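Each residue of the sequence shown is one higher than the one before, counting from 457 in my numbering.
Just so you know, nobody snuck in bad clues.
Ranges between beta-carbon positions, derived for each pair:
id, residue 1, residue 2, range
1, P565, A537, 21 to 27 Å
2, A698, G563, 37 to 43 Å
3, V682, T512, 51 to 57 Å
4, Q531, E686, 27 to 33 Å
5, S667, T614, 40 to 46 Å
6, L843, A725, 41 to 47 Å
7, N747, P683, 34 to 40 Å
8, G588, P561, 39 to 45 Å
9, V693, I829, 16 to 22 Å
10, A539, T617, 20 to 26 Å
In case anyone wonders, no lab produced these hints; they're calculated from the structure. In this text the structure is predicted, and so the values were computed from the model without any measurement. For glycine and all other residues, C-beta sits at the position ideal for the given N, C-alpha and C.
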Amino acid sequence: MKGIWRLRRGSRRERQRGAGLVVIIGVIAALAVSAATLVVFTGNVQHNTLDTRLHTKSFAVCESGLDAAMALLSQKWPVSASAVPTFDANAFRARFPTSEFPNPPGGKPFISVGWYDNLSPANPAVRWDSNGDGKLWLVSQANVGTRSTRVVTLVERTWFTMALPRGIPLWAGGNLLSNGQGNNPKIRVEVPPPAGTQTTVYVGGYIEESSVTQSGIAQVTGDGIVPLDEVFPPSLVDALVATAQANGRYFTSLAAAESSPADPVWSPAGGLSGLTVIRPATPTTIKVTGNTQLNSEAQPGVLMILGGSNLDWGGTAQFYGVIYCEGPMDTSHGTGDIHGMVVTNSTESLKGTPNIRYNDNCIARLDQRFPSIVRRVQNTWREVQPL
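Work out the full structure: start from the sequences and follow the hints.
Now the structure itself:
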């Protein structure tokens, strides 16, 4: 019996060891399965995280493409089929390191940007503002790695608003000089301001000959004049300078300005037409002569002489728009006409036979003369299926 008991007791121990082995094997198997599951899960998470990052990057690049295209169109709005600008995809690509923004497979472009007119039905082949309403559809697609994003939005052209006061042929911070000799008046009204607006000449010093202005034009002198900040404020000067610099119309010499090429928007006839800002390195005399017509009533311009330089306006030229001069202005050496408005921080000399002809059309149309920025039209942005 004792032998049998020992045998039975031994068999029980063997069974316990066997059961323990089974448990250990089960735990090892479970751990192996868990490890395999963890590897798969980690791989999926890493894949999904990478995919999410690429999608986020493609969206960011796509939006950057829209912004770059709007900046391009702000400078070169396509007013005709022959004036369509080119988006530089290579220069745009260089802004994004390939280590962070990998190229797409299959030879796809990293960025693709285009625009077309807002016609009905739509015609993507018409890549200029053919209907003249100042609006275009803008499309941007970015392909970053394996992810792509494509968006469409309507953009519109906005205009630089000068908001000049109406009815001011001349604002001079110094004196207004003029000889009599039967040549007066030399300040006249060509196109009157809106009803109820008094045409007024403002002179900070004295007016040498009161007959210099046409009958009906008021004369205000001395401390009673409207401050320059309310006529041509520094913020307007700064904005015009920045606009001129951004569009190749900022010069440091008269020679450079006079030899500048024509541009359908910024300088229709080249030279001093359109928007022209001249700031010599040191104050000097800017002497303008000739018998050309600069600008027109339909397309007035702005000529600015900065840095304290003098403007000597001679010849028989016809200028339409606004002349702004930080130094003295002398228009006594010719018979030219200025149709619009003259602003000088110093003295204005009208000796001789020049004329300032106030033209309200020139002043009003300057608010729709030069483009400002291209912006998105609200509630037109949408994400579409990438190509």
